[in-house]
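Trainee: Listed below, chain by chain, are the residues.
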Amino acid sequence: MNFTINSVVYFYDFICIALLVFNVLYILRSGSRSRQEMRRVRAWGSILDREMGSGGPSEKCLEYMERRLRRVRELTAFNTALEARVSAPRSEEQQTFIDGCYKAFQALALHYQHRPSMERAFFAYVISHYPPRDGGGQLPARLLEFLDNSTVYCRENVLQALYALGSASGIEQALRMFNERGWYHHSHMLSDGLTGFRGDRVALAASLWADCREWEENLQVAVIQFASNVTDTMKEPFRQALADQSTTVEVRFALIRYFTRHPDERVKPMLLEMVRQELDSGDTAIAACSALAHYPGQDTENVLEKALLSRNWYVRHNAAQSLLALGDEASAYAAAERVNDRYARQMLDYVTGKSVSGREAVSV
Amino acid sequence: MTGVISVFLKWTGGFFLVYLLLYASYLFASVAIGAYNLYKRDRMRRIKNELKHEYYFPVSILVPAYNEEVTILDSVQSLLNLDYRLYEVVVVDDGSKDNTSQVLIDHYHMHEERRPIRMSIPCQRLKAVYEAQVGRVRLTLVRKENGGKGDALNMGINASQYPYFLCIDADTMLQKDSLERIVQPVLERDDVVAVGGLVRVAQCVGMQDGEVTSYHLPWNLLTSMQVMEYDRSFLASRILLNCFNGNLIISGAFGLFKKDVVIAAGGYDNHTLGEDMELVVKLHTFCRNNMRSYSILYEPNAVCWSQAPASLHDLRSQRRRWHLGLFQSMIKYRQMFMNPRFGLVGSLSYLYYLLYELFSPVIELFGLVAIVLAAVIGQLNLVFMLRFYVLYAVYGAILTMTAFFQRIYTQNLHINRADIVKACIMCLMENLFFRFFLDFARATAFIGYRKRKNQWGQIKRFRHSEIR
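Note that the protein sequences, when read in sequence, are chains A and B.
If you're matching positions, the first sequence starts at 1 in the working numbering and goes up one per residue.
If you're matching positions, the second sequence starts at 1001 in the working numbering and goes up one per residue.
Misleading hints may appear alongside valid ones.
To spell it out: a stretch of chain A is covered by chain B in this simulated footprint if at least three of its residues, at any positions, have a beta carbon under 8 Å from a beta carbon of chain B; those stretches are [claimed, not checked]: (1) 17 to 28; (2) 48 to 60.
Over the 10 Å line for every Cβ pair with chain B, so calculated as not near, a few chain A residues [unchecked claim]: (3) 13; (4) 188; (5) 215; (6) 313; (7) 349.
Because the hints were derived from the structure by calculation, they are not lab data.
Quick caveat, the model's predicted, so the values are computed rather than measured.
We treat Cβ as the ideally placed atom computed from N, Cα and C, and that holds for glycine.
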């Protein structure tokens, strides 16, 4: 037993010493790392100052970049130095320099393609911040190669680079890969990113929608949200999709939100029908009630009055909100009187923020 | 008789060897994995592997408060300057006996709103709602009848308007980027229902406009030792348990939750002292029972600063509450233990909390009894025992130092040489002496349990500007 315990003690003695050495080395390395980083940034700064002043990177400079920027720590320093020298909006001199750098970046993309995901992500980040004016030639295709075996950060940075390069085909191809490989990417990140696309956004929305009908729900929602942000020209295809019974609930939600933002009278009967059909149970009735605030008319008010009686709290809530938006407060309360329901009146109180008991706040 | 005692001591020795070996290995594995994880994340941050985005989903920050007139202004002020596009702050005054509400109403010129609140989760009666628009942030104060912290949080959930809520303590201060960082896991995965952040000791830090301006170890020994303990615990076990979705605790001082899942699970329990742990274990149970894919994650880059108790009395009271809360949750959800449906959460995580958290004071007491017994019958090897004890303490201290310095360097904090020396001494003291005090607090936790089980834990608070 003593032998065993002593062995254990010696083993942990060894671990203690190893950890102490690790700690000391880590502290020493952390200090020297930042000093080296500063030296590298200064070195790249002087190169950039020289080359920017001479109208663009020379062949010698491009060779040097191609060789040095293969190491991610050099690329980090290059990025920091460039960031300090490039203003927004960019001057002609700055943009010319960036355009010139792309001869080196094309070659570097081939190199980074085989690097770990973290480094690929950083290379894509640099591209997304300093895109050339000509779309980068072969670069979008090479960036697509970065996507396999990557992390969510790498995928996001690659997408950002494609948006910045204005490559519609690259984006379509990337989203197709997302769908085929089953990669999750938050729909809001996709739609917001697409909104920053530096090209014809309306054409991109149309072509993505033409492709994405068979894609994952999350991607379809992202495309609809993107279209919602940039154009009202998608009413016809979206109307057809809303009429299609095979369209999933989340996609229908997104479509209804599109028609909330870009009303289309031809959609009104569908919205009214959704509320009538799914008064107590349907999820789409919740969104439809909200959208109807933008579709005035007696038929709308009749349906919303009925929706005030729904067993679903959210349907009642959105119906009350829409009634208030369509008319004045008095007419909304008159509607609640007509259906003669205490919960309908309470919901209007809730939405208008009125207390039913006067002095104290109340619970609903 | 001596023969029986000898056999007993032999078996006891064997048990402790295995027990300590397992714990030492766990500690080593967790610090090593935690340190590697932090190093990797630090590198990822430096080379822009992060989701920096214009869009983030809106978040409601819930601040339950009870007799917090001293700290509430500092805390709320730190919440109004966050780098985040859309959020609201909801302070819930749980029937305070001091001027918690009045301080807020006067400072922010809040006006009473008679708006109703939808009670998705039942809680004590609502008294009044006050609101103010402070810059771009809507600040809401909800006054209600006293019902405990869990009840106050439930009211906050009811009064909040956004799909995610962040619960923090009334003495917690957030860094400018804390909210942006704690939502990152939700953007990365679609099944995240809760995210815990890193809680650090507020007495160490100087902050201005949500940014850390200085970092030092406090002069109060008790607080300093808690700094070490927090760093070890948040670096070590939480990152390790995070590897297999096995965290059973998200600190009430800083945690993000998906509101609809929390409501569906029934919200916070009003009848437990550890409502934060109870909710997390409840979410595990709810999601597993309903066969719902879920993740409960820990995000070490999201940092909040919370005041640690500065006196023995306050510390003892806090640790008693924590231990009782742990006991209540472990008992309530005992069906998790070794249940195949719960996977590693029900086996590894549960077993760790059971053996090394809940039962540890009893086991250590048992060890002391065995030592006394061995001394009485003359079988105690005093030299070996002392050597083993010191070695174990040094081992723990070095692991704690690793955790502490990892935090310092990965967060780009700077400390002077005196603080480095102080940190080393504190690590050793924490492992040599402090643990016995904590064991004592936990071992005596059940005294007065029935009487105090629904009360708010109160510790003496200081205005942040007065802490040094």
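Trainee: Indicate, hint by hint, whether the structure satisfies it.
Mentor: Going through the hints against the structure:
| no. | hint | verdict |
| --- | --- | --- |
| 1 | 17 to 28 | holds (count 6) |
| 2 | 48 to 60 | violated (count 0) |
| 3 | 13 | violated, 7 Å |
| 4 | 188 | violated, 5 Å |
| 5 | 215 | holds, 15 Å |
| 6 | 313 | violated, 7 Å |
| 7 | 349 | violated, 7 Å |
In summary, the numbered hints that this structure violates are 2, 3, 4, 6, 7.
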